[in-house]
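Undergrad: Sequence:
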Amino acid sequence: MLSSSSLTINWQRPDIEEERWEYFSHPAKQEWYGSHEVSWEQIVSNFESGRLIPYPRSMLLEDVQVALSYHSYSDYKRYLCKAKRGYRISYNRMEDQLQCVGTLNLKAPIILCGGRERLLFSGYRRLCLAWNYGMIPYVWLVDVAKTDQI
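The working numbering puts the first residue of the sequence shown at 271, with every later residue one more than the last.
Distance windows between CB atoms, simulated:
(1) GLU288 to CYS370: 21 to 31 Å
(2) VAL314 to SER344: 26 to 36 Å
(3) ASP285 to ARG363: 15 to 25 Å
Computed list of lysine to aspartate or glutamate pairs in EDC-like fashion (alpha-carbon distance at most 16 Å, straight line):
(4) LYS299 to GLU289
(5) LYS377 to GLU288
(6) LYS377 to GLU318
(7) LYS299 to GLU387
(8) LYS377 to GLU287
(9) LYS377 to GLU289
(10) LYS377 to ASP285
(11) LYS377 to GLU365
Think of the hints as simulated: they come from the structure by calculation, not from any bench. The model shown is predicted, which means the values in this text are computed figures rather than measured ones. Every residue, glycine too, gets a C-beta built ideally from N, C-alpha and C.
Working from the sequences, and respecting the hints, build out all of it.
TA: Structure (structure tokens):
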């Protein structure tokens, strides 16, 4: 027999301006931006043409590895459960609301695509929430690869 759940998450297109910190201040992502020569202006200009796609729990999205997307439960325990209280608090609020109300409207996590490499730009806690409840989250996939090269 299968058990089912009535909990749901409605994924919405995110707002790139709310995620500026991820580009300008997140230390773990700076190397990816530099190695792919990705500027903030490039992300912003390509953001509108992004697409909402499902992201089953995996290190791969459409057969391409996603950097900094810690998908396993042990990763969740390491990076979120044992993180400082300030980082965990928004996850706990989302989880409480999901359990009490039964549904959430969340902005989709953002994944940047630079050729055959991808980066979880924002939304790790939102991914974890869905994955931990057996849901397949949706992400906003933005292609930032340079297209002007010959």
